[in-house]
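Keeping their order, the protein sequence lines are chains S and V. The letter at position 316 of the first sequence is residue 316 when you use the working numbering, and the numbering goes up by one with no holes. The letter at position 31 of the second sequence is residue 504 when you use the working numbering, and the numbering goes up by one with no holes.
Any given hint might turn out to be false.
Restricting the straight-line Cα-Cα distance to at most 20 angstroms, the calculated cross-link-like pairs of lysine to any residue (SDA-like) are [what the hints assert, rightly or not]:
1. S:Lys169 <-> S:Ser73
2. S:Lys169 <-> V:Phe638
3. V:Lys659 <-> S:Leu30
4. V:Lys507 <-> S:Pro82
5. S:Lys424 <-> S:Gly275
6. S:Lys169 <-> V:Gly547
7. S:Lys424 <-> S:Arg398
8. V:Lys504 <-> V:Gly525
9. V:Lys504 <-> S:Ser73
Hints listed in this document are in silico derivations from the structure and should not be mistaken for laboratory results.
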Amino acid sequence: MADGARPRTLFDKIWDAHVVERLADGTAILYIDRHLVHEVTSPQAFEGLRLAGRRPRRPNLTFAVADHNVPTSDRSAGIEEPESRLQVETLERNVAEFGITYFALNDSRQGIVHVVGPEQGITLPGLTIVCGDSHTSTHGAFGALAFGIGTSEVEHVLATQTLLQKPAKNMLIEVNGRLGFGCTAKDVVLAIIRRIGTAGATGHVIEYAGEVIRNLDMAGRMTICNMSIEAGARAGLIAPDETTFTWLKGRPYAPKGEVWDRAVAYWRTLPSDAGAQYDSRIVLDASDIAPLVTWGTSPEDVVPITDVVPDPDREPTEARRAAKRRMLDYMGLTPGTPMQDIRIDVVFIGSCTNSRIEDLRAAAAVVNGRKVADGVRAMVVPGSGLVKQQAEREGLDRIFKEAGFEWREAGCSMCLGMNPDQLKPGQRCASTSNRNFEGRQGPGGRTHLMSPAMAAAAAVTGRLADVRELVAH
Amino acid sequence: MQPFTKLSGIAAALPLPNIDTDQIIPARFLKTIKRTGLGSALFYAMRYRADGSEDPDFILNKEPWRQAQILIAGPNFGCGSSREHAPWALCDFGIRCIIAPEFADIFYNNCFKNGILPIKLPQAVCDVLAEDAMLGANARLTVDLDRQVVVRPNGEEIRFEIDPFRKRCLLEGLDDIALTLAHADKIAAYEARRRTAEPWALG
Ligand code: SF4
Chain S
1 MADGARPRTL
11 FDKIWDAHVV
21 ERLADGTAIL
31 YIDRHLVHEV
41 TSPQAFEGLR
51 LAGRRPRRPN
61 LTFAVADHNV
71 PTSDRSAGIE
81 EPESRLQVET
91 LERNVAEFGI
101 TYFALNDSRQ
111 GIVHVVGPEQ
121 GITLPGLTIV
131 CGDSHTSTHG
141 AFGALAFGIG
151 TSEVEHVLAT
161 QTLLQKPAKN
171 MLIEVNGRLG
181 FGCTAKDVVL
191 AIIRRIGTAG
201 ATGHVIEYAG
211 EVIRNLDMAG
221 RMTICNMSIE
231 AGARAGLIAP
241 DETTFTWLKG
251 RPYAPKGEVW
261 DRAVAYWRTL
271 PSDAGAQYDS
281 RIVLDASDIA
291 PLVTWGTSPE
301 DVVPITDVVP
311 DPDREPTEAR
321 RAAKRRMLDY
331 MGLTPGTPMQ
341 DIRIDVVFIG
351 SCTNSRIEDL
361 RAAAAVVNGR
371 KVADGVRAMV
381 VPGSGLVKQQ
391 AEREGLDRIF
401 KEAGFEWREA
411 GCSMCLGMNP
421 DQLKPGQRCA
431 STSNRNFEGR
441 QGPGGRTHLM
451 SPAMAAAAAV
461 TGRLADVREL
471 VAH
Chain V
474 MQPFTKLSGI
484 AAALPLPNID
494 TDQIIPARFL
504 KTIKRTGLGS
514 ALFYAMRYRA
524 DGSEDPDFIL
534 NKEPWRQAQI
544 LIAGPNFGCG
554 SSREHAPWAL
564 CDFGIRCIIA
574 PEFADIFYNN
584 CFKNGILPIK
594 LPQAVCDVLA
604 EDAMLGANAR
614 LTVDLDRQVV
624 VRPNGEEIRF
634 EIDPFRKRCL
644 LEGLDDIALT
654 LAHADKIAAY
664 EARRRTAEPW
674 ALG
């Protein structure tokens, strides 16, 4: 911090460094350093560009991959479903026409856009990163200001490499202490959403701090920043540190040699200054966090696995009581039922929240030597082709397959059910993804969100289960 | 973009909290490369029964709310995914204005890009407007963007706040991209500065 200057947050610093121009009423033209593009939210943006006779301003800053709509079964014969094929072919035509880097379906670097960006070193501290996808908040784990945008803004970024933005408010969430046995980053973020609600951080960028966050590996930090959007935040941020730099060094698109050293020196100046002001501050104690699961159709409907299905009559207002009753009806649950008595039909281990190698290792550790319960369909969908290869090198695929799991190709898959991986009406799923909305994993499907280890525990017991009872302390 | 100036029309009340974009338009309808024709999938799970027929109890399936141009919604409307298909579907159905106590950020932003006016008003005011909406064809609401008021059927005017820049863009139907490109020299100068200071940043 320069002498006499106002102490700034990590968000303030990145924001200030990217303002190209301030317009009359405080709206800023904000420079965008990295733009990630996928097949579902981009076709209309490229079409708009074409209709207006415009070209991408900096095609080398845009990276494309197909993930939302791609099959996760064998893809060597191409995509069978005609509408999905058309979207992927449209993306391929667009990247070719406009000169954009593309990780093709048969390339091992293909995967979920928020797994691929960091893995390739496209994501770096201090950058602004956008994508036509709300979970772009994931990249904030590296100390990058990363947020989701709509298709009109995708077109705006392509044409101008900027966005028209107003600054967000700053929220600090500190998680202190040490996580208990069986608790993971997923439980931390579910605990946060339970505490502040799904609109708790609307209009804010959340900075996560405290001992627990510092001690997390990059995978855990990504899990937490990923679900910032479920708390209503525009973005999540974690200050870059040695863990970040070590993880990024040598990645294909990360800077090299002398430029790397300069970059690291700059990144070290990014953490919030002492005395920086936050608009709000929340403190959690890790010792209050148990393995958590959701029971309803909003990510704030969270209880410890040892608890029971809550009673809507305890809600403070009639509107809330009605909303919770509707949820229980949709979820097919009765108040007072122990969560561990709830039987499940499907287990989904995947999504940009929890499909990295660390997540697969955690799930495999629980599954090892056990079998998927009778009548349960269980699948693992790695976050990228490279994650899949790494898991196979470590023999994790064998652990899963011998237990009866499906071992699939990378993509979004049953996180949103746009491809054939969908729940059937009434089916109940233990899922490591991020949204339990009505119909999210397939029309009429019922989703319980949890950590990879907890999903693995559900797979081998056939019900929602406490992972702490399955593994040695 | 089509401008939004003044709208007088039927309002439908859908006051549930946390209506997410998966409810506004489920993912399986996003397999399109167009912006148009999504109105038939709007609120799909609430609007249609399992056999594909309309649910007669759903508000937008009833007269006169089939013609609704204004939606009175609940808190945190539009949370979830960034899909602009949500405002496209609303627009295609004919909704041009949404009034709610609170919107999710990305959805709120996406509305302005499509000539839809999202208005934030306190819950108690939304409750009153929802009651007006239940009166149906006898109770048209008027939304005047220039004067920043919602006019109730009884003539009472309710003031709302809106960011001046967004207001101007909506009133004039401005193209954001053209607006930004007018500053192309500033963007170029910025890039030159960054290239020297942070050579890794611009790839
Ligand atoms: S995995 Fe799920 S949340 Fe993540 S980008 Fe894909 S659809 Fe979105």
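Results of checking the hints against the structure:
{"no.": "1", "hint": "S:Lys169 <-> S:Ser73", "in the structure": "43 angstroms, violated"}
{"no.": "2", "hint": "S:Lys169 <-> V:Phe638", "in the structure": "19 angstroms, holds"}
{"no.": "3", "hint": "V:Lys659 <-> S:Leu30", "in the structure": "11 angstroms, holds"}
{"no.": "4", "hint": "V:Lys507 <-> S:Pro82", "in the structure": "15 angstroms, holds"}
{"no.": "5", "hint": "S:Lys424 <-> S:Gly275", "in the structure": "52 angstroms, violated"}
{"no.": "6", "hint": "S:Lys169 <-> V:Gly547", "in the structure": "23 angstroms, violated"}
{"no.": "7", "hint": "S:Lys424 <-> S:Arg398", "in the structure": "28 angstroms, violated"}
{"no.": "8", "hint": "V:Lys504 <-> V:Gly525", "in the structure": "19 angstroms, holds"}
{"no.": "9", "hint": "V:Lys504 <-> S:Ser73", "in the structure": "19 angstroms, holds"}
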